[in-house]
Amino acid sequence: MDTHNPELRMISRAQLETLLGLSRSTIYDRLSRKSKRYDPTFPQPIKLGRLSRWRLSEVLDWIESKAVLRNQSV
Numbered sequence: 000m001d002t003h004n005p006e007l008r009m010i011s012r013a014q015l016e017t018l019l020g021l022s023r024s025t026i027y028d029r030l031s032r033k034s035k036r037y038d039p040t041f042p043q044p045i046k047l048g049r050l051s052r053w054r055l056s057e058v059l060d061w062i063e064s065k066a067v068l069r070n071q072s073v
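Under numbering that gives the first Met the number 0, the sequence shown has 68 at position 69, and the numbering climbs by one with no breaks.
These are computed hints drawn from the structure, not numbers from a lab. Just so we're clear, the structure is a prediction, and the values are computed from it rather than from any experiment. No incorrect hints appear here.
In silico DSBU-like pairs for lysine-lysine, Cα to Cα no more than 30 Å straight-line:
(1) K33 <-> K46
(2) K46 <-> K35
(3) K46 <-> K65
(4) K65 <-> K35
(5) K33 <-> K65
The task is simple: from the sequences and hints, build the whole structure.
What follows is the structure in structure tokens.
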């Protein structure tokens with residue numbers, strides 16, 4: 000398996016925090032429908048046993064979608 004391919008690469012919550020510059024609590028707020036900061040477009044984790052991992056390609060797509068929205072509002 001090519002782990003450098005973003006389509007296949009999985010990242011941990013800690014890596015997600017670093018990539019996005021968000022705290023653990025903010026990430027889980029974005030995922031929780033009960034939170035005021037809930038974002039239905041935020042990438043969902045994939046459970047691997049007790050671990051949560053995010054698909055890097057989905058995270059990068061989410062970042063790009065935010066950039067597109069920013070550019071549309073200018």
